[in-house]
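Take the sequences, apply the hints, and build the full model.
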Amino acid sequence: MAKVSVSLDAELVVEVMVLAGVGNPQDAVELVVRDYIARGHRTEARVAEREESARDVEIKPEAQQG
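Read in order, the letters of the sequence shown are residues 1 to 66 in full-length UniProt numbering.
Everything labelled a hint here was simulated from the structure, so no lab data went into it. The structure displayed is predicted, hence computed values, not measured ones. Any given hint could turn out to be false.
For lysine to aspartate or glutamate, the following DMTMM-like pairs were computed, each having C-alpha atoms within a straight-line distance of at most 25 Å [to be verified]:
1. K3 <-> D35
2. K3 <-> E30
3. K3 <-> E15
4. K3 <-> D27
Pairwise CB distance ranges, derived in the manner of DEER restraints [what the hints assert, rightly or not]:
5. R46 <-> A10: 32 to 40 Å
6. E49 <-> N24: 30 to 38 Å
7. R42 <-> A20: 17 to 25 Å
8. K3 <-> R46: 30 to 38 Å
9. V4 <-> R50: 28 to 36 Å
10. A20 <-> S53: 31 to 39 Å
Ideal Cβ placement from N, Cα and C applies to all residues, glycine included.
Listed below in structure tokens is the structure:
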């Protein structure tokens, strides 16, 4: 897999390391990015599920009055 180098503010990286409970800056940032991507996929799946459910709902005609 190709690698990319990115410069980040040291305080930001330290905070990510603490929150992720990881001692290596590279691993901590990678965990955050992977989590962000996974959340995006879960959100997409929920939206698709809702849209699919909405299509499956059958609209019943109202009973005629009179």
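Can you list which hints this structure breaks, lowest number first? none
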